[in-house]
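Undergrad: Sequence:
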Amino acid sequence: MTTTPTRTPHVPATAPTRDGRPGTALRRTVLYAILVALTLVFLTPLVWMVITSLKTYDGAQRIPPTWLPDPISGYGYEQILDNSANPVLRWFLNSMLAATLHSLLVLVTASMAAYALARMRFRGRGVSFALIIGTLFIPPTSLIIPNFLIVDTLNWIDTLTVVVVPGAASAFGVFFLRQFFLSLPRELEEAAVLDGANQWQIFYRVVLPLSKPALATLAVLSFLTNWNDFLWPIFVLFSPEQLTLPPGLGLLQGSYVTDYPVIMAGAVLASVPVLILFVLAQRHIIQGVSRSGLKG
Numbered sequence: 032m033t034t035t036p037t038r039t040p041h042v043p044a045t046a047p048t049r050d051g052r053p054g055t056a057l058r059r060t061v062l063y064a065i066l067v068a069l070t071l072v073f074l075t076p077l078v079w080m081v082i083t084s085l086k087t088y089d090g091a092q093r094i095p096p097t098w099l100p101d102p103i104s105g106y107g108y109e110q111i112l113d114n115s116a117n118p119v120l121r122w123f124l125n126s127m128l129a130a131t132l133h134s135l136l137v138l139v140t141a142s143m144a145a146y147a148l149a150r151m152r153f154r155g156r157g158v159s160f161a162l163i164i165g166t167l168f169i170p171p172t173s174l175i176i177p178n179f180l181i182v183d184t185l186n187w188i189d190t191l192t193v194v195v196v197p198g199a200a201s202a203f204g205v206f207f208l209r210q211f212f213l214s215l216p217r218e219l220e221e222a223a224v225l226d227g228a229n230q231w232q233i234f235y236r237v238v239l240p241l242s243k244p245a246l247a248t249l250a251v252l253s254f255l256t257n258w259n260d261f262l263w264p265i266f267v268l269f270s271p272e273q274l275t276l277p278p279g280l281g282l283l284q285g286s287y288v289t290d291y292p293v294i295m296a297g298a299v300l301a302s303v304p305v306l307i308l309f310v311l312a313q314r315h316i317i318q319g320v321s322r323s324g325l326k327g
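Residue numbers for the sequence shown follow this note's numbering, beginning at 32 and rising by one.
No wet-lab data here; the hints were simulated from the structure. Idealized CB from N, CA, C, for every residue including glycine. One should not assume that every hint holds.
[Unchecked claim] FRET-style restraints, in silico, Cβ to Cβ:
# : residue 1 : residue 2 : range
1 : 62        : 113       : 45 to 51 Å
2 : 167       : 270       : 28 to 34 Å
3 : 72        : 261       : 23 to 29 Å
4 : 305       : 121       : 14 to 20 Å
5 : 261       : 227       : 48 to 54 Å
6 : 310       : 235       : 28 to 34 Å
7 : 167       : 77        : 28 to 34 Å
8 : 170       : 241       : 31 to 37 Å
Whenever a hint applies, use it, and build me the whole structure from the sequences.
TA: Next comes the structure, spelled out in structure tokens:
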């Protein structure tokens, strides 16, 4: 009885990975290391902001600075929540109301204009779209004086209306939604026409339900733009009770001293709604951005 000799398989110097390509595991490790490093770069200021907001006044002024608050104090939050001269909670509510209403107005105006430019045929459609896109190249600061004169004529000065309505006609929103609407299959709209739907019913019952990712993305971007707006409210809001949060937090900075726990506590308060909104809408944001560039 003869035995067949066994051969030892040759093992290459660089063993292939599961997908058959050598070095993939190394590249993936390097990529993850880069992502972790970038995460630390972006998270470190946020962590430092929260930690500083929990320090005492003396603890925040300590040299060299310490990472952990010793002792943990709610001094900063007590100052911003119980301050009649600087009503931070009122500013917070004003910002929430203004940013929410502004986002809704942007969705209404931009979705209608974008649908008309994407699906309806009319003379001057291309010129109209080019003019809308052209407004994106105008520096916003050059429009402050004309816009101020307009809202002053309308008696909107020192009211929340002045930070809600003027930016509701969003050129970027029109462009963004138009690109998304162009990526939708026309067969769905043709089927709705065969079922007897008119143009408004197609827009409201077919196009808008399919555009939830794009609408959610635009809503978040519009909310953030209004929430973080600092320059325009300074020019049009004068009463302390009418201020929004960004210009209001600027009043917390003293003329001669800087109360870091109070300032950081206000920054934490301003960051919480934004972080919650992004966490809730991040899936829709990714879908909206990825699909809006499929077709031009």
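Undergrad: Against this structure, judge whether each hint is valid.
TA: Hints, verified against the model:
{"no.": "1", "hint": "62 with 113: 45 to 51 Å", "verdict": "holds, 48 Å"}
{"no.": "2", "hint": "167 with 270: 28 to 34 Å", "verdict": "holds, 33 Å"}
{"no.": "3", "hint": "72 with 261: 23 to 29 Å", "verdict": "holds, 24 Å"}
{"no.": "4", "hint": "305 with 121: 14 to 20 Å", "verdict": "holds, 19 Å"}
{"no.": "5", "hint": "261 with 227: 48 to 54 Å", "verdict": "holds, 50 Å"}
{"no.": "6", "hint": "310 with 235: 28 to 34 Å", "verdict": "holds, 29 Å"}
{"no.": "7", "hint": "167 with 77: 28 to 34 Å", "verdict": "holds, 30 Å"}
{"no.": "8", "hint": "170 with 241: 31 to 37 Å", "verdict": "holds, 35 Å"}
Of the numbered hints listed earlier, not one is contradicted by the structure.
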